[in-house]
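Chemist: Next come the chains, spelled out residue by residue.
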Amino acid sequence: NAGVMQNPRHLVRRRGQEARLRCSPMKGHSHVYWYRQLPEEGLKFMVYLQKENIIDESGMPKERFSAEFPKEGPSILRIQQVVRGDSAAYFCASSPLPGAENGYTFGSGTRLTVV
Amino acid sequence: TQLLEQSPQFLSIQEGENLTVYCNSSSVFSSLQWYRQEPGEGPVLLVTVVTGGEVKKLKRLTFQFGDARKDSSLHITAAQPGDTGLYLCAGGVNDMRFGAGTRLTVKP
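Those protein sequences? They're chains C and X, same order as listed. Residues in the first sequence are numbered consecutively from 7, following my numbering. Residues in the second sequence are numbered consecutively from 11, following my numbering.
Think of the hints as simulated: they come from the structure by calculation, not from any bench. Any given hint could be a false lead.
Straight-line distance between alpha carbons at most 30 Å, and here's what the computed BS3-like set of lysine-lysine pairs gives [claimed, not checked]:
#1 C:Lys50 x X:Lys80
#2 C:Lys50 x C:Lys77
#3 X:Lys67 x C:Lys50
#4 C:Lys33 x X:Lys69
#5 X:Lys66 x C:Lys33
Partial pick of chain C residues on the chain X-facing surface, computed with a CB cut under 7 Å [to be verified]:
#6 Gly48
#7 Leu49
#8 Phe51
#9 Tyr54
#10 Asp62
#11 Phe97
#12 Glu107
#13 Gly109
#14 Phe112
#15 Gly113
#16 Ser114
#17 Gly115
Computed from a predicted model, the values in this text were never measured in an experiment. Think of the CB as a built atom: it goes at the ideal place given N, C-alpha and C, for glycine as much as any other residue.
Here chain X stands alone, though its shape is the one from the complex:
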């Protein structure tokens, strides 16, 4: 079973601050996905990273896939209250397994 560990589990910051959350595994993944989930809703796909060392940017979000394809990070620049949510990383082959998530709160 490929396990994904996410850290930190909880993160509370002020609007305008920068932050990084991590997704780590002892297994190699062919790809990793990042999702954001808001209360009462299903997860929404943010990005898929495929190539080791790949960096993808989505506005103020920067996603990086580790060279060995075992880990990934999500960096948010100048966080806003709208970024509040549960950030989940996921990976797998035929079926996707999720980490437990980082619960981010951005205070105005």
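Extracted from the complex, chain C is given alone in its bound form:
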């Protein structure tokens, strides 16, 4: 019974390149959430997706960032033309039902470093 799987664990990109972060939710979970965490800080909400739908993207920058959760396959967080300020840990979480009361299961994160 695998948990939330994120890959890669570490990703290094040069400024201007694209970063693709993948998240496979727990089996049976159709709700996916992406968060960003800077060193010594808490988690900042980015986007909430259900299969094929973006429910809430209020925390995601309007430019360069996009997310999808297709009918088949993992959820993808894409960052185009990365800049040094994008360096952070990106965490994905999933839940079986909508709503925070159920609590979320988190993956181990992808640590993005932009050089």
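Add chain X to chain C, keeping to what the hints say.
Modeler: Chain X alone, transformed into the frame defined by chain C:
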């Protein structure tokens, strides 16, 4: 935007001591969650509190939800080095917002 403020930001204690960390907001939450995060890993859910005034115990950890459902506390009895980590409170409706966390260090 519902903001969650956690205090203290940092806490360093000796093994065996007791401690309490706090999570406060000016907003009412239908529920609050507490997570613990260790370095290099994602947060792990400890507990969800739903009812105002609710108290939940998890071994040496005691969680309380304020009567007005605006605040919560986590009390650890006889802390151990294994309790070291970042303790995060979180709340929300469709999407969960996190406090900045309390970074606890328990020295042997």
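Chemist: Hint by hint, note whether the structure agrees.
Modeler: Verification of the hints:
For the proposed pair C:Lys50 and X:Lys80, the alpha carbon gap of about 20 Å is at most 30 Å, so the pair holds. A C-alpha spacing of about 26 Å is found between C:Lys50 and C:Lys77, which places the hinted pair at or below 30 Å, so the restraint holds. Straight-line distance between C-alpha atoms of X:Lys67 and C:Lys50 comes to about 28 Å, which keeps the hinted pair within the 30 Å bound. A C-alpha spacing of about 29 Å is found between C:Lys33 and X:Lys69, which places the hinted pair at or below 30 Å, so the restraint holds.
Taken as a hint, the X:Lys66 and C:Lys33 pair is honoured in the structure, with Cα atoms around 28 Å apart against an allowance of 30 Å. Hint on C:Gly48 holds. Least Cβ distance to chain X is approximately 4 Å, under the 7 Å limit. Because the closest C-beta pair between C:Leu49 and chain X is about 4 Å apart, less than 7 Å, the hint holds. Taking 7 Å as the C-beta cut-off, the interface hint given for C:Phe51 holds, the closest approach to chain X being about 5 Å.
Because the beta carbon of C:Tyr54 sits about 5 Å from the nearest beta carbon in chain X, less than 7 Å, this interface hint is met. For C:Asp62, the shortest C-beta to C-beta distance to chain X is roughly 5 Å, which falls under 7 Å, so the interface hint holds. A distance limit of 7 Å between C-beta atoms decides the matter here; for C:Phe97 the minimum to chain X is near 5 Å, and the interface restraint holds. Interface restraint check for C:Glu107: the shortest CB-CB distance to chain X comes to about 4 Å, inside 7 Å, so the restraint holds.
The restraint placing C:Gly109 at the interface with chain X holds, with a minimum CB-CB distance near 4 Å, inside the 7 Å limit. For C:Phe112, the interface hint holds, since its Cβ comes within 7 Å of a Cβ in chain X; the closest pair sits about 3 Å apart. Contact between C:Gly113 and chain X, as hinted, is supported at the beta carbon level, the nearest pair being about 5 Å apart and thus within 7 Å. The beta carbon of C:Ser114 comes within 5 Å of a beta carbon in chain X, closer than 7 Å, and the hint placing it at the interface holds.
Taking 7 Å as the C-beta contact cut-off toward chain X, the hint placing C:Gly115 at the interface holds, the least distance being around 5 Å.
Of the numbered hints stated above, none is contradicted by the structure.
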